[in-house]
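Make the full structure from the sequences, and use the hints.
The lines below spell out each chain.
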Amino acid sequence: MRGRIVTGARVTKAIVVVVSSFAPVLWGAEASQKAVRITHYVEIRGFEFKPSNLSVSPGDSIVFMNLDIVPHTATAIDNTWTTDTLETGETQLITITSDSTPVYYCIFHPSMNGSLDLQ
Amino acid sequence: MKTLYSTLVIGLTLMVGCATAQANKPSDLNDLEIAHAAYTADNIDIRYAHLALAISDNPDIVEFAKTMIRDHEAVNEQALALLAKLEVQPKDNFLSQQLTVGSIELINEMSQLRGVEFDRRYAENELAYHKAVNEIVSKEFIPNIENMDVKALFEQALVIFLAHEKHAEMMVKKLSNKSE
Chain A
1 MRGRIVTGAR VTKAIVVVVS SFAPVLWGAE ASQKAVRITH YVEIRGFEFK PSNLSVSPGD
61 SIVFMNLDIV PHTATAIDNT WTTDTLETGE TQLITITSDS TPVYYCIFHP SMNGSLDLQ
Chain B
1001 MKTLYSTLVI GLTLMVGCAT AQANKPSDLN DLEIAHAAYT ADNIDIRYAH LALAISDNPD
1061 IVEFAKTMIR DHEAVNEQAL ALLAKLEVQP KDNFLSQQLT VGSIELINEM SQLRGVEFDR
1121 RYAENELAYH KAVNEIVSKE FIPNIENMDV KALFEQALVI FLAHEKHAEM MVKKLSNKSE
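If you're matching them up, the sequences are chains A and B in order.
FYI, our numbering numbers position 24 of the first sequence as 24, with every residue one higher than the one before it.
Numbers given in our numbering equal positions in the second sequence, counted from 1, plus 1000.
Careful, some of the hints might be misleading.
To be verified - Restricting the straight-line Cα-Cα distance to at most 25 angstroms, the calculated cross-link-like pairs of lysine-lysine (BS3-like) are: (1) B/Lys1085 <-> B/Lys1151; (2) B/Lys1173 <-> B/Lys1066; (3) B/Lys1066 <-> B/Lys1174; (4) A/Lys50 <-> B/Lys1174; (5) B/Lys1166 <-> B/Lys1139; (6) A/Lys50 <-> B/Lys1151.
Read the hints as simulated data drawn from the structure, not as lab findings.
Structure follows, in structure tokens:
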């Protein structure tokens, strides 16, 4: 259950958007010395990761949210990172590192793919 | 593979042909009959998956079968919840009955198989079954469903079943490269 967020979908999305929008302000002075860490948001809807490609930097996080009626995962192609099984409406946050495998899929539905552009 | 698909399509066409004489074809089914046929088709695939879990040792087959159980149960759960909300009951019909008869024959046949022979038969049937069902869902059911909530659920379900079809296709391809 790494970092699983069990709050409702819309609430979680709102928090992510707020945190993302204010991150540079909140971290103010620190931001000039450290890279700003961004929280990205990926919806799983209609058996697709949306967006299917994301530009991310090490230290950024991605919140995966399952909006389908069946469970999904977001799992690195080499299984080095994965969400838990995300039931309908569940979300989970994954933190990206410099060696995170950039190609991922749903372990239950191998035709679902997503990718990360590591900056 | 092609033969299996053709057989299924011919079978479904015959069903439609027989049914026409009785003024019954998939496009004539009402929403409650469509819901029953879809629920039956879901349960049949769950039964095939349980058979696969009982017989196969192939990790790809086992994972696929688990996915079929998980996804089809989720769709059925949504369907039952919607029917409960609408305060209606699904209605048995010729298509549900034909699907059930066909599945019993196939389960008997597949039960006799073991090893890669079973795996290939299961995978090929999953591909043919999903192709045939997706054809009916997209061309006969969805255009004729009157209730908007039911139509929306079928549209969501079709996306799921199309992904299953792709997954089955990958499995068939992988198994065809495997030596006996």
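Going through the hints against the structure:
| no. | hint | in the structure |
| --- | --- | --- |
| 1 | B/Lys1085 <-> B/Lys1151 | 15 angstroms, holds |
| 2 | B/Lys1173 <-> B/Lys1066 | 19 angstroms, holds |
| 3 | B/Lys1066 <-> B/Lys1174 | 18 angstroms, holds |
| 4 | A/Lys50 <-> B/Lys1174 | 28 angstroms, violated |
| 5 | B/Lys1166 <-> B/Lys1139 | 19 angstroms, holds |
| 6 | A/Lys50 <-> B/Lys1151 | 24 angstroms, holds |
Of the hints listed earlier, the one the structure fails to meet is number 4.
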